[in-house]
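Enquirer: Given chain A's structure and the hints, the job is docking chain B onto it.
2 protein chains.
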Amino acid sequence: MTDGGFGSKLVEFTREYARMPQSAMITVDEARTRILAGLHPMPAEIVALANAWNRVTAEPVLARLTQPPSDVSAMDGYALRAIDGGLRAALRVIGAAPAGHPFEGAVGTGQTVRLFTGSVVPAGADAILLQEDAERLGDTVVVTEAVVAGRHIRRAGQDFSKGDAVIAAGRRITARDVGLAAAANHPWLSVHRKPRVAILATGDEIAMPGEPIPSGGIVSSNSHALAALVRAMGGEPTVLPVAKDTTEAIAAVADQAGGFDLLVTTGGASVGDHDLVLSGLRTRGLVVDFWQVAMRPGKPLLFGQMGSVPVLGLPGNPVSAMVCAALFLLPALALMQGLPAGPPPTVSAILGAPVKANDRRADHLRATVTVDERGRVVVTPFPVQDSAMLRRLASADALVLRAPHAPALPAGAEVTVIRLDTSGI
Amino acid sequence: MTDGGFGSKLVEFTREYARMPQSAMITVDEARTRILAGLHPMPAEIVALANAWNRVTAEPVLARLTQPPSDVSAMDGYALRAIDGGLRAALRVIGAAPAGHPFEGAVGTGQTVRLFTGSVVPAGADAILLQEDAERLGDTVVVTEAVVAGRHIRRAGQDFSKGDAVIAAGRRITARDVGLAAAANHPWLSVHRKPRVAILATGDEIAMPGEPIPSGGIVSSNSHALAALVRAMGGEPTVLPVAKDTTEAIAAVADQAGGFDLLVTTGGASVGDHDLVLSGLRTRGLVVDFWQVAMRPGKPLLFGQMGSVPVLGLPGNPVSAMVCAALFLLPALALMQGLPAGPPPTVSAILGAPVKANDRRADHLRATVTVDERGRVVVTPFPVQDSAMLRRLASADALVLRAPHAPALPAGAEVTVIRLDTSGI
Numbered sequence: 153m154t155d156g157g158f159g160s161k162l163v164e165f166t167r168e169y170a171r172m173p174q175s176a177m178i179t180v181d182e183a184r185t186r187i188l189a190g191l192h193p194m195p196a197e198i199v200a201l202a203n204a205w206n207r208v209t210a211e212p213v214l215a216r217l218t219q220p221p222s223d224v225s226a227m228d229g230y231a232l233r234a235i236d237g238g239l240r241a242a243l244r245v246i247g248a249a250p251a252g253h254p255f256e257g258a259v260g261t262g263q264t265v266r267l268f269t270g271s272v273v274p275a276g277a278d279a280i281l282l283q284e285d286a287e288r289l290g291d292t293v294v295v296t297e298a299v300v301a302g303r304h305i306r307r308a309g310q311d312f313s314k315g316d317a318v319i320a321a322g323r324r325i326t327a328r329d330v331g332l333a334a335a336a337n338h339p340w341l342s343v344h345r346k347p348r349v350a351i352l353a354t355g356d357e358i359a360m361p362g363e364p365i366p367s368g369g370i371v372s373s374n375s376h377a378l379a380a381l382v383r384a385m386g387g388e389p390t391v392l393p394v395a396k397d398t399t400e401a402i403a404a405v406a407d408q409a410g411g412f413d414l415l416v417t418t419g420g421a422s423v424g425d426h427d428l429v430l431s432g433l434r435t436r437g438l439v440v441d442f443w444q445v446a447m448r449p450g451k452p453l454l455f456g457q458m459g460s461v462p463v464l465g466l467p468g469n470p471v472s473a474m475v476c477a478a479l480f481l482l483p484a485l486a487l488m489q490g491l492p493a494g495p496p497p498t499v500s501a502i503l504g505a506p507v508k509a510n511d512r513r514a515d516h517l518r519a520t521v522t523v524d525e526r527g528r529v530v531v532t533p534f535p536v537q538d539s540a541m542l543r544r545l546a547s548a549d550a551l552v553l554r555a556p557h558a559p560a561l562p563a564g565a566e567v568t569v570i571r572l573d574t575s576g577i
Numbered sequence: 153m154t155d156g157g158f159g160s161k162l163v164e165f166t167r168e169y170a171r172m173p174q175s176a177m178i179t180v181d182e183a184r185t186r187i188l189a190g191l192h193p194m195p196a197e198i199v200a201l202a203n204a205w206n207r208v209t210a211e212p213v214l215a216r217l218t219q220p221p222s223d224v225s226a227m228d229g230y231a232l233r234a235i236d237g238g239l240r241a242a243l244r245v246i247g248a249a250p251a252g253h254p255f256e257g258a259v260g261t262g263q264t265v266r267l268f269t270g271s272v273v274p275a276g277a278d279a280i281l282l283q284e285d286a287e288r289l290g291d292t293v294v295v296t297e298a299v300v301a302g303r304h305i306r307r308a309g310q311d312f313s314k315g316d317a318v319i320a321a322g323r324r325i326t327a328r329d330v331g332l333a334a335a336a337n338h339p340w341l342s343v344h345r346k347p348r349v350a351i352l353a354t355g356d357e358i359a360m361p362g363e364p365i366p367s368g369g370i371v372s373s374n375s376h377a378l379a380a381l382v383r384a385m386g387g388e389p390t391v392l393p394v395a396k397d398t399t400e401a402i403a404a405v406a407d408q409a410g411g412f413d414l415l416v417t418t419g420g421a422s423v424g425d426h427d428l429v430l431s432g433l434r435t436r437g438l439v440v441d442f443w444q445v446a447m448r449p450g451k452p453l454l455f456g457q458m459g460s461v462p463v464l465g466l467p468g469n470p471v472s473a474m475v476c477a478a479l480f481l482l483p484a485l486a487l488m489q490g491l492p493a494g495p496p497p498t499v500s501a502i503l504g505a506p507v508k509a510n511d512r513r514a515d516h517l518r519a520t521v522t523v524d525e526r527g528r529v530v531v532t533p534f535p536v537q538d539s540a541m542l543r544r545l546a547s548a549d550a551l552v553l554r555a556p557h558a559p560a561l562p563a564g565a566e567v568t569v570i571r572l573d574t575s576g577i
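If you read the sequences in order, they're chains A and B. FYI, the working numbering numbers position 303 of the first sequence as 455, with every residue one higher than the one before it. FYI, the working numbering numbers position 339 of the second sequence as 491, with every residue one higher than the one before it.
Just chain A, with the same shape it has in the complex (with noise of 0.2 Å):
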């Protein structure tokens, strides 16, 4: 028997490495900011003020009008003149004016007019009578409660004034946010354009689900775990065909990438991380940086360009893959979509368990997530982190980070975590 080609691969593979020394070894947030220099946030586009829900402003949205437009009540009551507003005095119902249907006339000297919440406060009224401070008798109304001028009256632009900017760009909308650009008068708002996410997983050993397993083997489950990912961020995933482990099998594959925004890449595992990902990417103009990250799972990174398209190279380990997509290609689509560039968000948690002192690589401690009695977030990193086990990942509600060389800490020491639970990754 022999290697079966394989060791000519894996000489080019070890040439590789040979140039990258061990001080080459670059952070965590190093190789992140030179990801996040390598991209742009896309274009905008317009959309439906029913599909923006999640997307990100790629312009101001400014008020098209005064909410609310005129005084309005902010109770249900009648209106009046102050001056006509002391204790038992007797008004003469000359009206009423319901949301939607305003008074047309003005409240002169003794009168009133019947409003309600949100009801435009008339002509010559200045003053707001409760509907609990009030005694009604046919079309004549008794003060119980003198009333206060102004008292209970909405000012005109209270809320926002015609030409405000109510929602600023660069914010993902919120249910909230899309009541307040309709009530601003917006059918279409301008977002960023969705980033397109070509995947390409390759393997001779890659089966997808559900369809016949080579003999030693396994299932596809990084490209839909990234694909989903993409989704959860925001972007739109594409699945390419799963690549063979040849060069020209992963060029050709590699050639269904044109116009996406972002080529990301998992595995080319058979002879170590990326070889052959990187030699058939080379074959279509991939133009490189590949490194080494001092980092936990994890392997080397791709971060290179290919023509127009950039390419982000994950390991073909699924721990590894998703810790370093929640790293690198979170903030990646973040960017892109056009929200502030940067790494993804922490919190400050209590540890459940003591750790280790850490080596030289930042590690990410997959840990489950309580609540203590005081309130505070507890995570207990799990005593076993061996990075092929993709159940105990699911399982995880946070990646508490340990920084390079990080003491031992004991538990109930502060640290800092990603919290996996509620992000949807």
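Keep in mind that the hints were calculated from the coordinates and are not lab data. Some hints could be false.
Within a straight-line C-alpha distance of at most 20 Å, the following computed SDA-like cross-link-like pairs (lysine to any residue) qualify [unchecked claim]:
1) Lys508(A) x Pro559(A)
2) Lys314(A) x Ser547(B)
3) Lys314(B) x Lys396(A)
4) Lys396(A) x Gln408(A)
5) Lys314(B) x Ala359(A)
6) Lys314(A) x Ala359(B)
7) Lys314(A) x Glu566(B)
8) Lys314(A) x Gly369(B)
9) Lys314(A) x Ala540(B)
10) Lys314(B) x Gly369(A)
11) Lys314(B) x Pro364(A)
Predicted, not measured: the structure shown is a model, and the values here were computed from it.
Expert: Structure of chain B alone, referenced to chain A:
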């Protein structure tokens, strides 16, 4: 001028209220419990794995295979018999087993097989010699660090075994779960159907964004905000046409709600909340619980059943509508999707400013969130809490929960909050 017919509606409205003495005011928790008791989880449907993200599993996902399916190498290196792996031992390389290409023979005495991460450990071998602990010269490998039997071998089933419930029922599917379900060989998943929610807004004064606004009118915002909230929470919203303020018009639009899983109404605010909605839906068989909930912002809440369709009536005020939606509609949608029923998720936070003692109505103060130098979440309520200020609601990061009769609290005190900024609502 006359009441234009509103006098009679006011009488009807007042009569409704008369049936509700102040003692009938119920708590937020009781209202929520009664709403949840009137709802049930949606039945299951089958979706493609690629569409399963953020859906809720209707049954446990059982692994269809064992992962890894055989003992595999955790590292790049060589498979051998442990007894052959002493320091300076020389072994003959008889083949290679890249992932997906298992070595078909057996490893005999003095023999070794080239392996890579994920490669199946060949028959006969019980140890892995790491690549960095091996000197290779042609077809010979020399051991530079003695091996340990079993080390660097991932055992069959280490991640999961065939039949294991790798994802529980009633779980919202994350990107990691999608990867796990794929690895467990599931191309389809059984999930709870999305609740189809019809949204009915009423009001003569309401215009759709971009359409002509009647005199004294405002632009519809509630329907759009609620539709986005339903979508954010995993439901399928349908915005019904805006009904004019007549019993007949409301009844006619309500006829379109048959077959939906929930009808959500807002407003009817021209003569107080719910009166016209109530009389309109009653002509279509609405059986109603009609409450005053001891809360602010918020007004009487309607819950009932119209034929087979549960009906949740929210206030017409946009801020009240969204706060009530967070408190009642969000848990309703969770239950209908098969998630555990209960109040919306809360977290503990530190007050950034003092708050006054509360009265008998639970308050929900709109607040900003910052993180202090100790990493604690600090919430600072807006000084003005006017329930008509949609712009302010949109800029709120959290609702600070204030129980009925809660005492005044100084800055620095702990409070319970609902985070809005991380929820998509």
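Enquirer: Now look at each hint and say whether the structure bears it out.
Expert: Hints, verified against the model:
Distance hint between Lys508(A) and Pro559(A) is fulfilled; the C-alpha atoms sit about 7 Å from each other, no more than 20 Å. A C-alpha spacing of about 18 Å is found between Lys314(A) and Ser547(B), which places the hinted pair at or below 20 Å, so the restraint holds. As the CA atoms of Lys314(B) and Lys396(A) are separated by approximately 27 Å, the hinted pair breaks the 20 Å bound. With a C-alpha separation of about 15 Å, the suggested pairing of Lys396(A) with Gln408(A) holds against the 20 Å cut-off.
Using a Cα cut-off of 20 Å, the hinted pair Lys314(B) and Ala359(A) holds, with the two alpha carbons roughly 17 Å apart. Between the alpha carbons of Lys314(A) and Ala359(B) the distance comes to roughly 17 Å, so the proposed pair stays at or under 20 Å and holds. Note on Lys314(A) and Glu566(B): the hinted pairing is violated, with a Cα-Cα distance of about 39 Å set against a maximum of 20 Å. Taking the CA atoms of Lys314(A) and Gly369(B), the gap is near 16 Å; set against the 20 Å cutoff, the hint holds.
With a C-alpha separation of about 17 Å, the suggested pair Lys314(A) and Ala540(B) falls inside the 20 Å cut-off, and the hint holds. Simply put, Lys314(B) and Gly369(A) have alpha-carbon atoms about 16 Å apart, close enough for the 20 Å limit, and the pair holds. About 16 Å separates the Cα atoms of Lys314(B) and Pro364(A), which keeps this hinted pair within 20 Å; it holds.
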